[in-house]
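Number of protein chains: 2
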Amino acid sequence: MPMVKLRAASAPLLIAALCVWSAAALAQADPLPSWNDGKSKHVILDFVRKVTQEGGRDFVPLDQRIAAFDNDGTLWAEQPVYFQLQFALDEIKRLAAQNPALKGKEPYRSVLARDLKGLSANGNKGLMQAMAVTHSGITTDEFAVLVRNWLASARHPTKRAYDEMVYQPQLELLAFLRANGFKTFIVSGGGVEFMRVFAEKAYGIPPEQVVGSSGSVKYRLSATGKPELYKEAKVEFIDDGPGKPVGINRFIGRRPILAFGNSDGDLQMLQYTTGGEGARLALIIHHTDAAREWAYDRKSQIGKLDKALDEAATKGWTIVDMKTDWKTIFPPGR
Amino acid sequence: MPMVKLRAASAPLLIAALCVWSAAALAQADPLPSWNDGKSKHVILDFVRKVTQEGGRDFVPLDQRIAAFDNDGTLWAEQPVYFQLQFALDEIKRLAAQNPALKGKEPYRSVLARDLKGLSANGNKGLMQAMAVTHSGITTDEFAVLVRNWLASARHPTKRAYDEMVYQPQLELLAFLRANGFKTFIVSGGGVEFMRVFAEKAYGIPPEQVVGSSGSVKYRLSATGKPELYKEAKVEFIDDGPGKPVGINRFIGRRPILAFGNSDGDLQMLQYTTGGEGARLALIIHHTDAAREWAYDRKSQIGKLDKALDEAATKGWTIVDMKTDWKTIFPPGR
Numbered sequence: 002m003p004m005v006k007l008r009a010a011s012a013p014l015l016i017a018a019l020c021v022w023s024a025a026a027l028a029q030a031d032p033l034p035s036w037n038d039g040k041s042k043h044v045i046l047d048f049v050r051k052v053t054q055e056g057g058r059d060f061v062p063l064d065q066r067i068a069a070f071d072n073d074g075t076l077w078a079e080q081p082v083y084f085q086l087q088f089a090l091d092e093i094k095r096l097a098a099q100n101p102a103l104k105g106k107e108p109y110r111s112v113l114a115r116d117l118k119g120l121s122a123n124g125n126k127g128l129m130q131a132m133a134v135t136h137s138g139i140t141t142d143e144f145a146v147l148v149r150n151w152l153a154s155a156r157h158p159t160k161r162a163y164d165e166m167v168y169q170p171q172l173e174l175l176a177f178l179r180a181n182g183f184k185t186f187i188v189s190g191g192g193v194e195f196m197r198v199f200a201e202k203a204y205g206i207p208p209e210q211v212v213g214s215s216g217s218v219k220y221r222l223s224a225t226g227k228p229e230l231y232k233e234a235k236v237e238f239i240d241d242g243p244g245k246p247v248g249i250n251r252f253i254g255r256r257p258i259l260a261f262g263n264s265d266g267d268l269q270m271l272q273y274t275t276g277g278e279g280a281r282l283a284l285i286i287h288h289t290d291a292a293r294e295w296a297y298d299r300k301s302q303i304g305k306l307d308k309a310l311d312e313a314a315t316k317g318w319t320i321v322d323m324k325t326d327w328k329t330i331f332p333p334g335r
Numbered sequence: 002m003p004m005v006k007l008r009a010a011s012a013p014l015l016i017a018a019l020c021v022w023s024a025a026a027l028a029q030a031d032p033l034p035s036w037n038d039g040k041s042k043h044v045i046l047d048f049v050r051k052v053t054q055e056g057g058r059d060f061v062p063l064d065q066r067i068a069a070f071d072n073d074g075t076l077w078a079e080q081p082v083y084f085q086l087q088f089a090l091d092e093i094k095r096l097a098a099q100n101p102a103l104k105g106k107e108p109y110r111s112v113l114a115r116d117l118k119g120l121s122a123n124g125n126k127g128l129m130q131a132m133a134v135t136h137s138g139i140t141t142d143e144f145a146v147l148v149r150n151w152l153a154s155a156r157h158p159t160k161r162a163y164d165e166m167v168y169q170p171q172l173e174l175l176a177f178l179r180a181n182g183f184k185t186f187i188v189s190g191g192g193v194e195f196m197r198v199f200a201e202k203a204y205g206i207p208p209e210q211v212v213g214s215s216g217s218v219k220y221r222l223s224a225t226g227k228p229e230l231y232k233e234a235k236v237e238f239i240d241d242g243p244g245k246p247v248g249i250n251r252f253i254g255r256r257p258i259l260a261f262g263n264s265d266g267d268l269q270m271l272q273y274t275t276g277g278e279g280a281r282l283a284l285i286i287h288h289t290d291a292a293r294e295w296a297y298d299r300k301s302q303i304g305k306l307d308k309a310l311d312e313a314a315t316k317g318w319t320i321v322d323m324k325t326d327w328k329t330i331f332p333p334g335r
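Chains as they are written, first to last, in this note's numbering: chain A, 2 to 335; chain B, 2 to 335.
Be aware that one or more of the hints could be misleading.
When chains are identical, the list treats them as one kind, so a pair holds in a single copy or across two.
To be verified - Below, in silico cross-link-like pairs of lysine-lysine (BS3-like), each with a Cα-Cα straight-line distance of 27 angstroms or less:
#1 Lys106 <-> Lys227
#2 Lys308 <-> Lys126
#3 Lys184 <-> Lys202
#4 Lys328 <-> Lys235
#5 Lys106 <-> Lys300
#6 Lys316 <-> Lys160
Since the hints were derived computationally from the structure, they do not count as laboratory data.
Whenever a hint applies, use it, and build me the whole structure from the sequences.
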């Protein structure tokens, strides 16, 4: 027993030693090699330096180093359609192939006819319907398997797997923050059960540090008496706009000192984060790179960035310009 | 910059080194000194040994070592009334003293007259009202200050501060689990914003690892433009009974491998925990010690333990008998 205890307890030691080693390696090299040497990079490095400087005016204790990242358009791409919506559309096709009787019914008919206009006819009703039929009526465990299978087989128009559409500079930033004692959270309008399937592998963020929108879930015993959680077709929480500070309060219970977003849906999270005492950092990715990624902002249907862009200018938040600030966009060698 | 990075990264190293040191110390001594040498203690030690034994049949990887603890009656006492309800009653008195116009109104009148029967007249309506008026109409930050002030000044009938009514054997168990790589969570029917005020200091459990019931919260800008979260008088989520597995899924996103409760409100959490694959441990505290604590179970208004006691017998869950299993109840020397 004593040996076992020692062995178990030395795992964190090993991890910490590796952190120190990698922090030392980073220090010698550059902790953010995919970030060009410009204002954004310096703002980040300065902020991390000052909040970790013991005895300094801006020092922040370890337990308060909370960083909140939006997901769609901030940690991974969101064009030409939100990836979770693409999952829903692909699921619709899979379900219709399995059960041809569905093919004449909505939302199946419009999806199969690639009739996105038909789907959007009544506002977003058709799209909501497509989301609902693919995100409910099954258990949480079954849903996770569907997402995992989809990620393994589906390909983005750029030919990459969807979980390879993550931003390399952000992976470096997440690792750099964690090496400096930050706890990194996702705070996204995306579905929490969708994101939790890949967040740990893609970003090193465990399920309990993923905050997102959710549908109602019901506890029940299966026909064979097995406890399970059943996903109902009812939206329970929208973690977007003013919902983001509410979600942060509900799940994290502490105000972040750093928040990173890319759209008006992040505005209130950025306000809330910077509204606290002491050193705070608010960052917004501006999608300006039509050649390597996409260029969109004030008039985009997806990831609209308008009010937050104005407020960033007024309040001195950091605008990360994708075209000039990022040396690379996606992870190399995949 | 390099030096700062190294210093920041060495904090986890220091903590890990202390963990190893304390784990080594525990190994030489006894990791659970307040637990009598009986079946319950051995079940716990055996379980932790087997899930941490690398290469063993029951080995559980670090990231899946999730432990869920109920709070009232499991981590701290819950008699003669739930402490959060006592907080509400004390707040009612404080508010009425500040604003005498309230004294003739319910729920103030009944609380001031110590008329608990009057308060409970329509089911629990009066008590719910007392909870509502003390848990809403203020910001989350203001509420945290009220709880902190109350904890600092209020005293339990036993003369202890309320946050000293924690169970010493459970503090040792939490520390032992964490030293073995477990992430410890509270999953309680209590209010999440109430518990988060003391959970870190009392149990070493940070706010983001506290799952509880919650009221609706609204994001807004104050008159001076300061972002704040305003507590509304509307129940949003009841983390009790079948709500516990739902809360676990919502906040943690992984099924625990160990759950510890003390009442029928924990039944579904225990079912859900033991319903997963691999090694699982379900424990229930049976309050059997009228001399040192309280003795109650099937017929108690508070912490009723009836169905879960029967199911524990059928399913072989571990019943911790407070009288015989615990050497001490509360922390010494306070």
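Problem set entry | Intra- versus inter-copy proximity for Lys202 and Lys184 (alpha-carbon distance at most 27 angstroms) | For Lys184 and Lys202, the Cα distance is within 27 angstroms both inside one copy (16 angstroms) and across copies (19 angstroms).
_One pair to classify: Lys106 and Lys227, alpha carbons no more than 27 angstroms apart. Within, between, both, or neither?_
The answer is neither: 33 angstroms in one copy and 49 angstroms across copies each exceed 27 angstroms.
ask   = Given identical chains, is Lys328 near Lys235, meaning Cα to Cα at most 27 angstroms, within a copy, between copies, both, or neither?
value = Result: close neither inside a copy nor across copies, 42 angstroms intra and 49 angstroms inter.
- Query: Are the CA atoms of Lys106 and Lys300 at most 27 angstroms apart within a copy, between copies, both, or neither?
  - Reply: neither (33 angstroms within a copy, 54 angstroms between copies)
- Message: I want to check one pair: Lys308 and Lys126. Are their C-alpha atoms no more than 27 angstroms apart within a copy, between two copies, both, or neither?
- Response: within (26 angstroms within a copy, 44 angstroms between copies)
query: Can you tell me if Lys316 and Lys160 fall within 27 angstroms by alpha carbon in one copy, between copies, both or neither?
result: neither (39 angstroms within a copy, 51 angstroms between copies)
Hint compliance for this structure: hints 1, 4, 5 and 6 are not met, and every other hint is.
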